[in-house]
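Protein chains in written order, with our numbering: chain A, 2 to 96; chain B, 1335 to 1819.
Don't read these hints as lab results, they were simulated from the structure.
From the three backbone atoms N, C-alpha and C, an ideal C-beta is built for every residue, glycine too.
Hints may contain errors.
[Claimed, not checked] Just so you have them, the derived chain A footprint on chain B, three or more residues with Cβ under 8 Å:
#, region
1, 1355-1361
2, 1389-1401
[To be verified] A few chain B residues that face chain A, going by a derived Cβ cut-off under 7 Å, partial list only:
#, residue
3, L1368
4, Y1527
5, G1528
6, A1537
7, S1541
8, Y1675
9, M1676
10, K1677
11, R1679
12, I1691
13, L1692
14, T1695
15, Y1696
16, L1698
17, L1708
18, P1750
[To be verified] Partner residues are not named here, just some residues of chain B that face chain A (Cβ under 8 Å, in silico):
#, residue
19, I1336
20, A1338
21, Y1642
22, S1699
23, Q1711
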Amino acid sequence: MSLTLEQVQRIAHLARIEISESEAITTQGHLNGIFELIEQMQAVDTRGVEPMAHAQEVSQRLREDVVSETDRRAAYQAVAPEIEAGLYLVPKVIE
Amino acid sequence: MINASLKQLSQALAAKRISSVELTQLFVDRIARLNPALNAFVTVDAEKSLNSARAADARIAAGTAGQLTGIPIAQKDIFCAEGWRTTCGSKMLANFVSPYDATVIRKMEAETGLVSLGKTNMDEFAMGSSNETSFFGPVLNPWDRQRVPGGSSGGSAAAVAARLAPAATGTDTGGSIRQPAALCNLTGLKPTYGVVSRYGMIAFASSLDQAGPMARSAEDCALLLNSMAGFDERDSTSLDRLPEDYARDLDKPLTGLRIGLPKEFFGAGCDADVMAAVQTAIDEYRKLGATTVEVSLPNSHLSVPAYYVIAPAEASSNLSRFDGVRYGYRAPEYGNLDDMYMKSRAQGFGAEVKRRILIGTYVLSHGYYDAYYLQAQRIRRLIANDFVEAFKQCDVIMGPTSPSTAFKLGEKAADPVQMYLSDIYTIAVNLAGLPGMSTPCGFAGGLPVGLQLIGNYFAEAQLLNVAHRYQQATDWHRRLPNGIE
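Okay, chain B solo, but in the shape it has when bound:
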């Protein structure tokens, strides 16, 4: 049952071979048994989960259930969920019980009837690539517990990889769905900016943040995205588009698919064994009928520098709301109002979050705005234009998701720049606002390797099709970490 696809779980629930309560209890028990060694969940509430499962069973009995009603999933702790502690991995929100639901939560739970198993660990305010910046401690990679699961959605990745949940949500500002998916042998999708509502999703960099599914297959991701996506008037950047079925094209043949291979993604900077797995995957695509063409993203080397201006600038503005007045942490002792702000923020935020707030404050400050913030926005345009040119020659772009497999805990924690460079292949996609995916494509030294697929705007269904056909021809995505059964 723990390896069943969402479609198989849906069929088992519909045929009453299992109830949502039984299925939920199975995962609740697994979490109780296996989570202490992984730290993937920061909050669980079995009674709450089982209550949702009972409601789902009632819907199934009444014949009003949807395809995913009654299936339990894990929610990244960045989504506000009414009555659930919602921490965003921070001491600042360690005791914050949300009084309202994020739109993603409302859609998945109230509308679809998915059952929440709990909230997953993450880098503090989604700022990190290893899950080591969480106030609640690092998450361990189920493939090797001496290694990181990636970040910032590392708890969601570890939870699904260890079969503590059939699937999970993640968010991706610079690679936070795709990189942990790659490092934990999962399939993850970051949709086109504006496809999934950001309402109630704690903001990091508002022009880049986008939520998406993390699961064991492209098919599971498609079904979850059907539940997550859609216009929301509560999000001013939500796109008002007709609803679509993201699973509609899963089985389309890949004959004639043109795959663009950016020469910048196939040069120096990527581990040789990771590159070998990616090349083998591209050969598999050729067997499936696709053709490849070399393309160029000449400004992609500027994506990390531009991102580390734009994202911190937006973060410094977004995180100014944490002032110890309306919600969140307030220092126990302080003098005047300014002192209360300064002490609450100094004690409530961790080191990486503070660094990014300081970078953002600096690049937005008088005299530096043009040289840093505006220059970064101009480079963002050049990066987006590179993709427009590349997509004139191809349908999808492929390359490695991450330049290495999962690295060791502590290996990069002391050097922010080294950590930032682990997102070297994913960040440009966020700057351009394009959809991107990662699918398992092999192993290097016993650790999973991810293949990144980048699509044109709104090409989610096509990306899912391209990943699904590959997953029908390979079994990398079915591999389990040792000791997980």
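So here's chain A without its partners, still in its complex pose:
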């Protein structure tokens, strides 16, 4: 398998990472090298093997539906790039 330049650009767009044409070309070379390594997996017959998502076979814990956290809004917003009146500012999304 080999990724085309267009595929690299499309993945970068899906990942929301701006990429120039020259970066895409370098990245294409690196990714294809990595996928060559990954392709070794395809030779293995894994029919009937249960996928392993996690190291421990435990189910998700549930907790009581009660307030457990204190209000830290001001502290958490203090590290934001841009806020106003307790809101996070981003470029206009709705015209």
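Got chain A; can you put chain B on it based on the hints?
Chain B only, in chain A's frame:
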């Protein structure tokens, strides 16, 4: 004092032969003097450290101190620590001052009374095996400054090796505690997945990430793990188990211990002088009363390929939170919202992090999910099953930690695949979720060699015992780099 064990430091503090402030000042001064040549710490704050030391001294005076209260340590910069800049080695978080503590930080500092000397350098978002992907520049190996300290916990490894801190924390997703420990002549332990809380530990691959101690001996690691481990309701994958004393079995004799030697770890692919040191260490274990048996991990050659699907897949999801909105880097100029995301992420992430996000995005995308992500998860099961079979014949598994000693700066930086293969012996342990350690076991060409010990689930105390007995019979772990005094 810089070579004293944590137990000796604890005794000196308890007997008031030294105060925590004096001990902390000693290491603060060493960091100021020696860190510029190593780049092991990215953030220090002497006043903050000394304030913690004063609080520790007050606890000691009041008689409410624990065994480790007042001992200074270094924290990998992956742990959020309130009021400390927490960068994860990335431009994305270069100005992020954490508003909260990771559970590991809270336990070690607030509960145990350990004093933080600062935050150590690391590969960006823990993605790397050489510490060269850090936004803050590479860390140099104290054993040879032309060489890498390993990664991703390279700053912690270099700091402890150069005696800039008595011990440190690390995290290990594919070998990031064990490999730098091996390359810097330290003892490092990656616990069973779920033993140490991941809350506030910046996520790379959530089903693999696990924090652990990096120190100069197995005994020091056991004491630190006592402080780090424990159930945490804030981590949904934390295991609710009874607390244990990881130092309880340190002195148990090794008579009758069955050591499994996977034939896949003793074939081609490992440097001959590294293998010779490992073989000598195994002979030492035979002298200590252990027996050896050949075992097989037939799917271990698939661990690197499967890992480079699973870890990037999880990373691409975890790192989607860095969007320039709530915290972290935002590009100075942008058009619409999408453009802000794209530019902030393009400028905030380094090349290796971007590569892994792209791999992860691809293997999770429509039409490729089954062929890559599900196939990798099935192979993960085969790898975990291999260990289950092997542990029917042995108590611990041993082999090299890394196929080579510390390599030169720049040697592998241009070729991601070569870099990935330096974790060839460590990755399977993370995929299976098992505990693994590295202990110093000799030198090759003047550079340290690490012996890897892999235990069954929750066998941390046993692994520490097996490493400790070896360290009582050998002195590799006491060796110091030239010029460190």
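Now for the hints, and whether the structure bears them out:
1. 1355-1361: violated (count 0)
2. 1389-1401: Three-residue rule not met by the region 1389-1401 of chain B, so violated; n is 0.
3. L1368: Violated, about 32 Å.
4. Y1527: holds (4 Å)
5. G1528: This interface hint holds because 5 Å falls under the 7 Å limit.
6. A1537: Hint on B/A1537: violated, closest Cβ of chain A at ~14 Å, above 7 Å.
7. S1541: holds (5 Å)
8. Y1675: holds (4 Å)
9. M1676: holds (4 Å)
10. K1677: holds (5 Å)
11. R1679: Holds: closest Cβ of chain A sits about 5 Å from B/R1679, inside 7 Å.
12. I1691: With a minimum Cβ separation of about 5 Å from chain A (threshold 7 Å), the hint on B/I1691 holds.
13. L1692: holds (5 Å)
14. T1695: This interface hint holds because 4 Å falls under the 7 Å limit.
15. Y1696: holds (5 Å)
16. L1698: Not OK, violated: B/L1698 not within 7 Å of chain A, min 9 Å.
17. L1708: Given a least distance of 5 Å, the restraint on B/L1708 holds.
18. P1750: Since the shortest Cβ distance to chain A is 6 Å, the answer is holds.
19. I1336: violated (36 Å)
20. A1338: With a closest approach of 36 Å, the B/A1338 hint is violated.
21. Y1642: OK, holds: B/Y1642 within 8 Å of chain A, min 6 Å.
22. S1699: Holds, because the Cβ-Cβ distance from B/S1699 to chain A comes to roughly 7 Å (cut-off 8 Å).
23. Q1711: holds (4 Å)
Checked against the numbered hints given earlier, the structure breaks hints 1, 2, 3, 6, 16, 19, 20 and satisfies all the rest.
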